[in-house]
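Visitor: Sequence lines, in order, name chains S and V.
If you count the first sequence from 1, position 482 lands on 482 in this note's numbering, and the numbers rise without skipping.
Count along the second sequence from 1, add 1000, and you get the number used in this note's numbering.
There are no misleading hints in this set.
Derived DSS-like pairs: lysine-lysine, alpha-carbon spacing no greater than 27 Å straight-line:
hint, chain 1, residue 1, chain 2, residue 2
1, S, Lys63, S, Lys7
2, S, Lys109, V, Lys1191
3, S, Lys141, V, Lys1191
4, V, Lys1191, S, Lys128
5, S, Lys467, S, Lys195
6, S, Lys467, S, Lys484
7, S, Lys28, S, Lys224
8, S, Lys195, S, Lys28
9, S, Lys384, S, Lys441
10, S, Lys28, S, Lys182
11, S, Lys224, S, Lys182
12, V, Lys1115, S, Lys392
Everything labelled a hint here was simulated from the structure, so no lab data went into it.
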Amino acid sequence: MTVLETKGLRKHFGSLLAVNGVDFSIRKGELKSIIGPNGAGKTTFFNLLTGMFPPSGGQILYKDQDITGSTPERVAALGIGRSFQITSIFPELTVFDNVYIPAMRYYSKEQAQEKTMELLEEVHLADKAESVASNLSHGDKRHLDIAIALTCRSELLLLDEPTSGMPPEESARTTQLILSLKEQHGYTIVLIEHKMDIVLTISDAITVLNFGFKLAEGTPDEIKGNEEVQKAYLGGLDDGIRAKASSRPGSKAARKEILRLEGVNTFYGESHVLHDVALRVEEGEIVTLLGRNGAGKTTTLRSVLGLTPPSSGSITFNGDRISGMAPQAIVNRGISLVPAERRIFANLTLHENLELPFFTKGIPAAEKRSQIAQAYNYFPALEKRRNNRGNKLSGGEQQMLAMGRALMGRVSLMLLDEPSQGLAPIIVQNVAEIIREINDKGMTILLVEQNALLALELADRVYVIDKGQIVYQGEAQALLADRKLSQSLLGV
Amino acid sequence: MRQAPTPPSVAMDYLRMGILFAVVAVLPFAIPYMGGYVGLSVEMVIFAIFALGFDLLLGYTGILSFGQAAYFGLAGYTMGLVCIHFKVPPLVGMCAGIALGVLAAVIIGLLIIRKTGIYFAMLTIAFGQMFFFIASRWKDVTGGEDGLTGIPRNVIDLGLFSWKVSNDLSFYYFVFVFFVAATLGKYWLVKSHFGQVLKTIRENETRARMVGYNVRRYKLYSFILAGLYAAVAGVLYAMFLRYMFPQTLDWIRSGNVVIMSLVGGLGTLFGPIVGAGVVTFLMNFTSYYTKYWQFIMGVIFVVFILFFPRGIWGFVERRRSRTSRG
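Just chain V, same shape as in the assembly (with noise of 0.2 Å):
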C-alpha cells in the first residue's frame, strides 16, 4: 500500500518561527528609523498577540466576532482596578484581568454558540457594547468617559528576581516573552488534532458533524481561546498604557483586529503578526500627518480586500511555492 504523504518539515516552521522572534527582538531598534518610537513597537507586539487569537476563531474555525475588544478591555480594566483598590503586585492583577476576560469568553460563549454567520455576529457587538457602555456610564468604578488612571507599572516580582518594566523598551520585552508564548501556543494548536478540527469545521460544519465531531464544543474552545488573547493583550496594553478608556472595548477596536487579521492573511502563522504590526503602524503614521487617517486606513483596507484577498502573507506564501515550482 502507498505511504501516507510526509507532513511538512517541522524543523523548518521553528527555523520560521526563529527568525520571526529574532526580526521581533531587535524591532524596538529598527523602528526609530522607519519613523517610529520604542512605543509604538509596544503597541504593534500587544496588538500581534490580540490578532493571533482572533485568527483561531476568524482564519482557524470561520466564525466571525465583531466583540472581541470586549474581553480585551474587560480584563485591561479588571487588572487596572484590582492593582488600584487592592494594591496587590501588578502580576496578580495580570491574572485576575485575563481570569475575568477569559470568565465572560466563556458565558457570553456559551449564551451564543449555537448561533451562526451573521447572527453570532451581531451577538458579538452586542455582548461588546453592552460591556463599552458599562465601561463609559459606571463613573464611580471605572472614571467614566475619562478612563480609568493610575493603573502601575513599575517593577514585576519573580521571587528569584525583579524586572523593572517602568520604561518603555523594558516593557517591550516583557511583552515579547507573552508574544514568544503566544506565537509558539497557536502554532502547537493549530498542529493538533484540535486545530485540524477546527479546520473541518470552518471547511463544511454539517459535514463536521456528520463524521462524529462535537462542533459546538470545539467553536466553544476556539471562542474561549480567543477570548484568552485577547484578555492576554487587555492586561499588557492596559499596563503600557497605565490608563483604560472606554474606547477600547468599543466595536471599533474589534473591527480593527478583524483588520489586522485579514490585511495579514487569514488562517496563517504569520499573517495576523504581519498584520497587527502593519496596520498598527500605519494607523500611527497617518495619524500623526493628518486628521482624515482614518479615511486612508479605510482606502488601504479596500485595496487589500480587492487586490489581496489572502493578505500580505498569503500573498507572500503564494509566490514563494510559485517560484520554488518553477
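Bound-form chain S, shown alone (with noise of 0.2 Å):
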C-alpha cells in the first residue's frame, strides 16, 4: 500500500526552483532514503510535506488523501512526524516533558504517560527523563528530536539527517534506533542522510535529489552503480587533485616557520584537555590536525586565537609570541579562523555578511572593495547569491561565505576547523579544491578535519593528536601510504 505520493511537487523561492516536479512515493513499512548535494532541496522537500510552506506547484497525497497546502498542525494530527536537521525540541522543558506535552495532543493523561516512557526507552533517554533537555549531549538531543516525532500517533516518519554531528559510534547507534524503529515497530521512514555507508546498509531504495530534480532512484546497488549519480554525488576526490598533490614537493627546504607552538597546556575549567601539544606552521604549506571527537583539535585552534588562553607553553607567530595576547589583537596580526559551525549572520544578505569586517576597521573604501572582490573571485558562486540571506544559503554556500570573510584583511594564516562538516561528498569535493586553490595562491593553512582522507590528500604535513597529546608527526603523504599505521591512529 502506498502511504505517502508526490505528484510533480514543485517549489521556488524567488527565481531559485529548490523543489522541481519531483514524483516520490513510499510504501507501507519501507524505509526510502533521499540524498544529494547540499540545496538540493531535501530539506525544502520535507517542509513542502509537513505544510511549512505551500508548494508552488504538484500534489501530495498520504493514504490517497489530497493533502497539499494542509497546515502543519493538520499534517502531524494525520500521523505525519518529523525530526529536524537542527536539532528542534522544547530546551527548558525537562525532557519527560519534552515527549509528554506532545503526546498529549493524542492520548489521555495515563496512556500520555505510558507512551512518554516507553518512546524515552526506545530512544534510551529513559534514565534521563528528568533532566533538562539542554543539558543533554548533542546526540541525546537528537535522540530526544526523534521521540517528539514518535509522538503523534505517527505512521510516517520523515527523519532529516538524524546522525549529523555525531561521532562514528553514535552514528551506529542512532541507525540501529532508525532500523529497530522501522523492523519493530513498523514505520515507514523517509530518511535525508549524507553517510553513505548508512544509507547503503539500511535503505530499501533510494532517491537521489540533485539541483531540485529527481536525478535518480532505485535500490542502494542500482545506485551504487548508476554512473551519474557517482559523477553527481559519490565521487571521491578527483584525479586531478590527486596528481597535483601528489606532484607537490615532498619538502620545501628552508620555509620560513610562521607558527609554532610549544609545551601548551589548556584547561577548560577544572578539566585538562592540552597536554604539552607541540606543533609548527611554515609558510606555504598546508598543515593538518587530526583525531577523534573531542581529541583536541578544535581547542588547539582556540589556543592559538586566545579563545581559550593556554595556562602554560607559548605560541609564536612570525617569531612574536603571541600566547597571552586578546583574541583580537592576534587576529589583527594575520590569524584568521573559520569555525566549523560558519557563523553566518542568517538575516542579513551574503554580500552584507562580506561587509561586515570592514565597519570597525576603518579601511578605505577602495581596499573594501577590492577585498570583497577578492572573495568573490575565489568563489564566483557566491557572486549570483548576493543578495541571498545567510538562512538561504545552502551549507556549501555557507561554507564558501565563511571562507571568503575569513580571507579578507591582510590575512597570512589560515585555521580552518571542519570544512566538510554535514556537506555532501560532492561539495566536499568543491572545498577540497578551494583550500588546494587558497593554497596555492601563498596561503597558509592549519586544517582541523574528521574526514582524514580529504585532511591527508591536501596537506603536506600531518599531526594526529589523541587525548590532547601529539601522538604523531608526519608526512601527510607518508602516512596515507602507510595502510596500517594509518588504520591504527585513525580508523581509516
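Fit chain to chain and form the complex, with the hints in mind.
Guide: Following this line, the structure appears as C-alpha cells:
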C-alpha cells in the first residue's frame, strides 16, 4: 500500500527552483532515503510535505488523501512525524515533558505517560527523563528530537539527517534505532542522510535529488552502480586533485616558520584538554591536525587565537610571542579562523556578511571593494547569490562564504575547522579544490578535520592528536601510504 | 518499564499559596511599619492581579505585549461610565467593564496574533495608544485630560448581605477576594494541559506546530486571558481611585507591568506577585522623596536585568534548590 505520494511537486523561492517536479512514493513499512548534494532541495521537500510552506505546484497524497497545502498541525495530526536537521526540541523543559506534552495532544493522561516512557525507553533516554533537555549531549538531543516526532501517533516518519554532527560510534547507535523503528515498530520512514555507509546499508530504496530534480531512484545497489549519480554525488576526490597533490614537492627546504606551539597546556575549567602540545607550521604549507571527536583539535585552534588561552607553554607567530594576547590582537596580526559552525549572520544578505568586517576596521572604501571582489573571485558561485540572506544559503554556500570572509584583510595564516562538516561528498570535493587553490595562491593553512582521507590528500604534513596529546607527526603522503599506521591512528 | 517521574507535590503548592494568602491578608496592617499606607497595599494587590495575567503571556507563552494597559484602562473607564450614566450597581458596572475589556482583547488578538516578535509588540503599542488618544481627546465622554470623576465605591450588594467598601481597608479585602481567585486561576491554568502547551510554544513554536498543536489558537487564548486579568485589575483600580485618567491606558503603564513581571521573575507563580508588590511600593516610596524617582526606578530595573535576570523569585528558587541539594 502506498502511504505517501507526491506528483510533480514544485517549490520556488524567487527565481530559485528549490524543488522541481518531484515524483516520489513510499510503500507501507518501507525505508526510503533521499540523498543529494547540499542545496539539492531535500529539506525543502520535507518542509513541503509537512506544510511548513505551500508548494508552488504539484500534489501531495497521504493514504490517497490530498493533503497539499495543509497546515503543519493538520499534517502532524494525520500521523506524519518529523525530526529536524537542526535539532528542534523544547530546551528548558524536562526530557519527559518534551515528549509528554506533545503526546497529550493524542492520548489521555495515563496513556500519554505510558507512551512517553515507552518512547524514551526506545531512544535510550528513560533514565534521563527528569533532566532539562538543554543539558543533554548533542547525540541525546538528536534522539529526543526523534522521540518528539514519534508522539503524534505517527505511521510515517520523516528523519532529516538524524546522525548529523555525531561521531561514528554514536551514528551507529542512531542507525540501530532507525532500524528498530522500522522493523520492530513498523514505521514507514523517509530518511535524509549524507553518510553513504548508513544509507547504503539500511535503505530499501534511494531517491537522489540534484538541483531540485530527481536524478535517480532505485535500490542501494542500483544507485551505487549508477554512473550519473557517482559523478554528481558519490565520486571521491577527482584525479586532478590527486595528481596535483602527488606532484607537490615532498618538502620545501628552508621555508620560514610562521606558527610554533611549544608545551601548550589548555584547560576548560577543571578539565585538562591539551597536554604539552607542540606543533609548527611553515609558510605556504597546509598542515592538518587529525583526531577523533573530543581529542582537542578545536581547542588547539582556540588556544592559538587566544579564545581559550593556554595556561602554560608558548605560541609564536612570525617569531613574536602571541600567547597571552587578546584574540582581536592576534587576529589583527593576520591569523583568521573559519569555525566549524561557520557563524553566518542569518538575517543579513551574503554581500552584507562580507561587508561586515569593514565596519570596525576603518579601511578605505577602495580597499574594501577590492577585498570583497577578491572573495567573490575565489568563490564565483557566491556572486550569483549575493542578495540572498544567510539563512537561505545551502551548507556549501555557507562554507564558501565563511572562507571568503576569513580571507579578507591581511591574513597570512588561515585556521580551518572541519570545513567538510555536514557537506555532501560533491561539495566536499569543491571545498577541497578551493582549499588547494587558496594554498596555491600563497595562503598558509592549518586544517582540522574528521574526514582524514580528505585532509591527508590536501596536506603537506600531518599531526595526529589523541586525548590532548600529539601522538604522531610526519609527512601526509607517508601516512596516507602506510595503511596499517593510518588504520591504527585514525581508523581509516 | 521504568515509571514516569513523579510530578512535584500538589499539596506543597497549596501550602505555599496558603502562606502567600496569609501574608497578603495581613499586608495592610504591616504596611504602615514599612512607611506605606493602606491605599498603597490596595494598589500593590491590584497590580499583582494585572501582572499575574501578563506573565501568562510573556512568561509562559513567550509573547511580549506593550499594550496591556489598553484593556486595563478600557475596563476601568467602561465601569465608571456605566455606573455614572446608568446608575447601575457597582457589580454590574464591573461586569460591563470586564466584558468590554475582554472583547477588545478578542478583537485585537484576532487581528494581530499572526504577527510575531517585535512586529507583534509594536502592534500592541499602536492599539494601546489608540485607546489612550481616544480617552484624552473625547472630552465629552471621558473627561479628556481632566479624567473621569465620580466613579462610585460605596456598597457592594450581594443579595444575601451587602459589603461596605467605601473605606480603603474594607475595599482591600474586596480586592483580596479577586486576588485569591486570580492566583488560584493562574495556578490551575499553568498546571493544566493548556498551560503546558503554552510552555512548548514559548520554547519552540515551530516544533509545537509540528507535533499537531494549533499554536495560533493557543496564543490567542493566552492573549485573551491576559486581557481578562488586565480588565479585572482595571475595574478594581477605577473603583479604588473613584477616578480614571488617560495615563492608565498609556504604554508607559503597560511597560510598568512588563517591569513588574521581569523584576519578580517570569514564568513563575509567585514572581509577578512579588514583582508587582515591590515595584509599586518602590515607585510610591521613591516618588515621595524625590521628583527624580523615575530615574531611580530605571537604575533599579537595569540592576535587575543585569544581575538577577530571573527576577527576585527566580533568584530565591535557585538559592533554595541549591541549598536543598547541598
